[in-house]
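Peer 1: Below, each chain spelled out in residue letters.
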Amino acid sequence: MTPTHENPSHPTLTLTVNGKTHSFLLGEGSHEVPPSHTLAQTLRERLGLTGTKISCDHGACGCCTVLMDGKAVLSCMLLTVECEGKEITTIEGLGNPVTGAIDPLQQSFIDHTAFQCGFCTPGIIMSAKALLNENPSSTRDEVKEALSGNFCRCITHYHVLDAVMAAAQKGGK
Amino acid sequence: MKEYRFIGKPTPRKDALDIVTGRTKFINDLTIPNMLYGKVLRSPLPHALIKSIDTAEAMRLPGVKAVHTYKDVPDWMGGLPLHVRVLDNKVRYVGDAVALIAAETEDIGEDALRLIKVEYEPLPAVYDVEEAMQPGAPQLYEQFPGNILPQGIPAFGPHSLQEVVIGDVEKGREEADFIVEGTYAYENIPNPLPPESPGVIAAWEGTDTLTVWSASQGPHMIKVSLQRRMGSINLHSIGNPVGASYGSKYMSWQYVLPAAALAKATGRPVKFCYGRSEHLAAFTVRLGSRIHGKVGMKKNGDVTFLSGDWLVNTGAFSETSQAMVAVGCGEAQLMLRCPNWSLKPKVVCTNRTASGQIRGFGGQELKCALLPLLTMAMEKAGIDPVDFFKRNYVKPGDGYYWRDGNWWVCRGTDYTKAIEQGAGTFGWKDKWKGWLKPTSVKGVKQRGVGVGVHGNADVGEDVSEAYVRLDPNGTATIYSGLAEHGTGQRSNICKMVAEILQLPLDRVSVTPNDSRVNPYEMGPVGSRGTYAIGSAVIAAAEDAKRQLFELIAPKFKVKAEDLETEDGMVYVKGKAGTKIPWIKAMGYDRTVMGRGRFEPDFALPNFMMIFTEVEVDTETGKVDLIRVVGATDVGQIIDPPGITNQLNGCLGSAGIDTALFEETVIDTRLGRIMNPNMIDYKWRTFSELPEMEHVILETPFPSHRFHAVGVGEIATAPGPSAVLMAVSNAIGVRIHDYPLTPDKVLSALGKITTAKRRAK
Numbered sequence: 000m001t002p003t004h005e006n007p008s009h010p011t012l013t014l015t016v017n018g019k020t021h022s023f024l025l026g027e028g029s030h031e032v033p034p035s036h037t038l039a040q041t042l043r044e045r046l047g048l049t050g051t052k053i054s055c056d057h058g059a060c061g062c063c064t065v066l067m068d069g070k071a072v073l074s075c076m077l078l079t080v081e082c083e084g085k086e087i088t089t090i091e092g093l094g095n096p097v098t099g100a101i102d103p104l105q106q107s108f109i110d111h112t113a114f115q116c117g118f119c120t121p122g123i124i125m126s127a128k129a130l131l132n133e134n135p136s137s138t139r140d141e142v143k144e145a146l147s148g149n150f151c152r153c154i155t156h157y158h159v160l161d162a163v164m165a166a167a168q169k170g171g172k
Numbered sequence: 000m001k002e003y004r005f006i007g008k009p010t011p012r013k014d015a016l017d018i019v020t021g022r023t024k025f026i027n028d029l030t031i032p033n034m035l036y037g038k039v040l041r042s043p044l045p046h047a048l049i050k051s052i053d054t055a056e057a058m059r060l061p062g063v064k065a066v067h068t069y070k071d072v073p074d075w076m077g078g079l080p081l082h083v084r085v086l087d088n089k090v091r092y093v094g095d096a097v098a099l100i101a102a103e104t105e106d107i108g109e110d111a112l113r114l115i116k117v118e119y120e121p122l123p124a125v126y127d128v129e130e131a132m133q134p135g136a137p138q139l140y141e142q143f144p145g146n147i148l149p150q151g152i153p154a155f156g157p158h159s160l161q162e163v164v165i166g167d168v169e170k171g172r173e174e175a176d177f178i179v180e181g182t183y184a185y186e187n188i189p190n191p192l193p194p195e196s197p198g199v200i201a202a203w204e205g206t207d208t209l210t211v212w213s214a215s216q217g218p219h220m221i222k223v224s225l226q227r228r229m230g231s232i233n234l235h236s237i238g239n240p241v242g243a244s245y246g247s248k249y250m251s252w253q254y255v256l257p258a259a260a261l262a263k264a265t266g267r268p269v270k271f272c273y274g275r276s277e278h279l280a281a282f283t284v285r286l287g288s289r290i291h292g293k294v295g296m297k298k299n300g301d302v303t304f305l306s307g308d309w310l311v312n313t314g315a316f317s318e319t320s321q322a323m324v325a326v327g328c329g330e331a332q333l334m335l336r337c338p339n340w341s342l343k344p345k346v347v348c349t350n351r352t353a354s355g356q357i358r359g360f361g362g363q364e365l366k367c368a369l370l371p372l373l374t375m376a377m378e379k380a381g382i383d384p385v386d387f388f389k390r391n392y393v394k395p396g397d398g399y400y401w402r403d404g405n406w407w408v409c410r411g412t413d414y415t416k417a418i419e420q421g422a423g424t425f426g427w428k429d430k431w432k433g434w435l436k437p438t439s440v441k442g443v444k445q446r447g448v449g450v451g452v453h454g455n456a457d458v459g460e461d462v463s464e465a466y467v468r469l470d471p472n473g474t475a476t477i478y479s480g481l482a483e484h485g486t487g488q489r490s491n492i493c494k495m496v497a498e499i500l501q502l503p504l505d506r507v508s509v510t511p512n513d514s515r516v517n518p519y520e521m522g523p524v525g526s527r528g529t530y531a532i533g534s535a536v537i538a539a540a541e542d543a544k545r546q547l548f549e550l551i552a553p554k555f556k557v558k559a560e561d562l563e564t565e566d567g568m569v570y571v572k573g574k575a576g577t578k579i580p581w582i583k584a585m586g587y588d589r590t591v592m593g594r595g596r597f598e599p600d601f602a603l604p605n606f607m608m609i610f611t612e613v614e615v616d617t618e619t620g621k622v623d624l625i626r627v628v629g630a631t632d633v634g635q636i637i638d639p640p641g642i643t644n645q646l647n648g649c650l651g652s653a654g655i656d657t658a659l660f661e662e663t664v665i666d667t668r669l670g671r672i673m674n675p676n677m678i679d680y681k682w683r684t685f686s687e688l689p690e691m692e693h694v695i696l697e698t699p700f701p702s703h704r705f706h707a708v709g710v711g712e713i714a715t716a717p718g719p720s721a722v723l724m725a726v727s728n729a730i731g732v733r734i735h736d737y738p739l740t741p742d743k744v745l746s747a748l749g750k751i752t753t754a755k756r757r758a759k
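For the protein sequence lines, the chains are E and S, in the order given. Residue 17 in numbering that gives the first Met the number 0 sits at position 18 of the first sequence; the count goes up by one each step and never skips. Residue 539 in numbering that gives the first Met the number 0 sits at position 540 of the second sequence; the count goes up by one each step and never skips.
Just so you know, the hints here were simulated from the structure itself, not pulled from any lab data. The model shown is predicted, which means the values in this text are computed figures rather than measured ones. Note that beta-carbon positions come from the ideal geometry of N, C-alpha and C, so glycine has one too. Do not take every clue at face value.
To be verified - Listed below are the simulated DSBU-like cross-link pairs for lysine-lysine, each with C-alpha atoms no more than 35 angstroms apart in a straight line: (1) E:143 - S:8; (2) S:432 - E:143; (3) S:430 - E:143; (4) E:19 - S:24; (5) S:621 - E:143; (6) S:8 - E:169; (7) S:428 - E:143; (8) S:444 - E:143; (9) E:143 - S:436; (10) S:750 - S:436; (11) E:143 - S:750; (12) E:143 - S:24.
Said to hold, decoys possible - With beta-carbon atoms standing in for the labels, derived distance ranges: (13) S:664 - E:97: 44 to 54 angstroms; (14) E:144 - S:511: 36 to 46 angstroms; (15) E:144 - S:30: 33 to 43 angstroms; (16) E:33 - S:33: 20 to 30 angstroms; (17) S:33 - E:138: 47 to 57 angstroms; (18) E:47 - S:511: 15 to 25 angstroms.
All chains should be built: construct the whole structure from the sequences, respecting the hints.
Peer 2: Shown next, in the form of structure tokens:
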């Protein structure tokens, strides 16, 4: 295949998602990424990474949270074209890619039944992961603050806090 | 208490790994080859006739495959009785469906919506439940004069409960020491707001077979209820994991029928998922509930009569409101031992988005309006509300009319102990200072406490069927149409079967939720998961075990009842040293299929009491929820983290917070919902959590295999009225206009002169 970036009539976009680099043609065609695509749309519709959820589509609920260069961002509020060259991690990219073992934070969510319907869970885990990356020994109040942009309507907050704190005390690793 | 291997022990949810890794496929995560996307053009007007509609330009847009208007959409109906077309030549609320489009992409569908030209003839609109009943009020449906919907719910039988009329109200009036009367309402029509909006994929095979994938809470009932309305087709319903529902996604015709129509028109699968604003503005909200009522009480707290009109605003249509009224009427009796009743409901249509079923199912809506009236009487009698509820909550031997119109006598638990222990844990005796008296005052911060109660005799409602298949390799498969909507119930039925068959939990699984595979299942509604669904599954497992033993008994030369099984091995009781695996006993070429069925039983009410402590800032009017204690008795906990999750849910899903800040705001000049997004619709965040504790007693319930009853659904219902009581006590002034936003609190304190008039 001809490297597309050599063709000026087909602008391309490079994204690194879960350690894998993808080049997309920009455009309105069915296999291209439209300039109007949000990162959440590209992840879900082009890469099949449906673990990233769209709920409010408005930057209010945190269900679409992914990591960009290690920081939590709302993928429904970012245009994919803004993410050129960035390293994106989604819920599917947590854990050990070699062994397939899940991240200790994910295990802690299982151990504490820190979900009910589970729809908002990927976003909550990604927000918590970003916090623990930055501050592995976060306090409960810091966890609450870091998750204050994550909607959970079943009210699993209490179990989530227990799960994140248990992971935090293990150093968030 | 009996020690179980799995029941009552915390075990990981069977779906846990998929949930935490993002592998769980919710409806909008699915795509089917050749699939189109459905979009709905929605009315900008609250009430209007469609004079003309021109779809030619939309049809010409490349990628548009079908457009439906009222002129050509199949004549399928929703509502009870059937009164709502998929598309009509009249719109009845802002957000009502005007046209349907199927397109190759969502973007093309959105663009095409803008190309449809509609000319409307506006009609006057009505939003208030009592204005809607006045002579000369705008009429939503010709067949419902006064906008009053007919009574009767065929699914509840020929005598379904329509009102509570018992004894002699006149006599009750004479016996009363105090009589109070007033009008109270719970009309902020909050949205349960599950994070996943409703969605469906519909695909036809030929003209008579429709497959529906959906996020329904009751997927089997899509088959049962909708295939009849579509001309006796064969409907296959496949249920996906539900990104929560709280009851709301049980009602499915509004999204299934449009998708099915478009799929039929195009001959291709069509996905239709509500957008978030569409969900908030044009899907279902709670019932509007208003009571003009009178209550008589004796000095000792005995209620001598309750009379009143219960006016229920169902918005643009009703599919379940009459059923919710029936259940609400039953639940009022569970809360109140009263010999003389005359509670007369009316279900009324108005020009706003429809009300539908939500956790609390009529009972929460009724109670939130009824409790302020009752507390006025309690105040006059000087009765502590905890004592009042203890005295009045239904006890074994007490009777009540339930939704089927029959008189049932309670055979359940006496919840007095749960009330007492809940009050003890909360510290009620210390914190309760009397009516309209704050618990503490520190500068501008005043604290108060309040309590609410709720119960439902629905733990044994409706029919469930299940099969359990045993395979020779020592595994069991449960055939059940139970949807997983967040409670963990699909895992819990595995625990029940593992317990009966003494199999490791990982050897028990549930079939995919497919109506072609599984028998009848009403679904996990009310609190019926543990008792009704659980009992059907348990019966199937017991039946399978019995068949297995009958098959094997001759090999051991014993009777079937002398056998025992553990971890896929069979042995004679008392001779655990000699075990043979199922495969040796059954052969590799055989399966055993047990069947179970649960028949309804309304004699088993559950119970939930919520204690709340609030702190009011008398300078700003802001109310903070400080502490919540829940109290219940569930007989036997099935899954400890599961039940605390469920009970913590009392805050969300249009629960306690509907007393504090949750509301759907309608601009009655335009008929529009002003806050159809998750910034303007308020919800509780991680940084504002109250202290939360639950007292969960386990007094063995008389009639379940594991002596358990469900309780999850009712967690929300006692909360809002408890908060109202707590705020009134904190500020020393009665306040009852849900939600208690700062403007209303300051107005009640006389610090501002007018609170904003709110739309009803």
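Peer 1: Look at each hint and say if it fits the structure.
Peer 2: Hint-by-hint comparison with the structure:
At roughly 28 angstroms between alpha-carbon atoms, residue 143 of chain E and residue 8 of chain S fall within 35 angstroms of each other, so this suggested pair holds. Pair hint residue 432 of chain S plus residue 143 of chain E holds up; C-alpha atoms about 33 angstroms apart against a cutoff of 35 angstroms. For the proposed pair residue 430 of chain S and residue 143 of chain E, the alpha carbon gap of about 28 angstroms is at most 35 angstroms, so the pair holds. Distance restraint check for residue 19 of chain E and residue 24 of chain S: the Cα-Cα separation of roughly 23 angstroms lies within the 35 angstroms cut-off, and the hinted pair is therefore satisfied.
Between residue 621 of chain S and residue 143 of chain E, the direct Cα distance comes to roughly 21 angstroms. Compliance with the 35 angstroms bound is thereby established for this hinted pair. Of the pairs offered as hints, the one joining residue 8 of chain S and residue 169 of chain E holds, with about 25 angstroms between alpha carbons and a cut-off of 35 angstroms not exceeded. Distance restraint check for residue 428 of chain S and residue 143 of chain E: the Cα-Cα separation of roughly 32 angstroms lies within the 35 angstroms cut-off, and the hinted pair is therefore satisfied. With a CA separation close to 24 angstroms, the supplied pair residue 444 of chain S and residue 143 of chain E stays within the 35 angstroms bound.
Distance restraint check for residue 143 of chain E and residue 436 of chain S: the Cα-Cα separation of roughly 33 angstroms lies within the 35 angstroms cut-off, and the hinted pair is therefore satisfied. For the given pair, residue 750 of chain S sits about 19 angstroms from residue 436 of chain S by alpha-carbon distance, which is consistent with the 35 angstroms threshold. The hinted pair formed by residue 143 of chain E and residue 750 of chain S meets the criterion: a straight-line CA distance of about 34 angstroms does not exceed 35 angstroms. Between residue 143 of chain E and residue 24 of chain S the alpha-carbon distance is near 28 angstroms, which keeps this suggested pair within the 35 angstroms criterion.
Checking the proposed 44 to 54 angstroms range against residue 664 of chain S and residue 97 of chain E shows it holds: the Cβ atoms sit about 53 angstroms from each other. Between residue 144 of chain E and residue 511 of chain S the Cβ separation comes to about 40 angstroms, which falls inside the hinted range of 36 to 46 angstroms. Hint check: residue 144 of chain E to residue 30 of chain S, Cβ distance near 37 angstroms, so the stated range 33 to 43 angstroms holds. Distance hint check for residue 33 of chain E and residue 33 of chain S: the Cβ-Cβ separation is about 21 angstroms, which falls inside the suggested range of 20 to 30 angstroms.
Taking the beta carbon of each, residue 33 of chain S and residue 138 of chain E are about 52 angstroms apart, inside 47 to 57 angstroms as hinted. For the hinted restraint 15 to 25 angstroms between residue 47 of chain E and residue 511 of chain S, the CB-CB distance of approximately 21 angstroms keeps it satisfied.
Checked against the numbered hints above, the structure breaks none of them.
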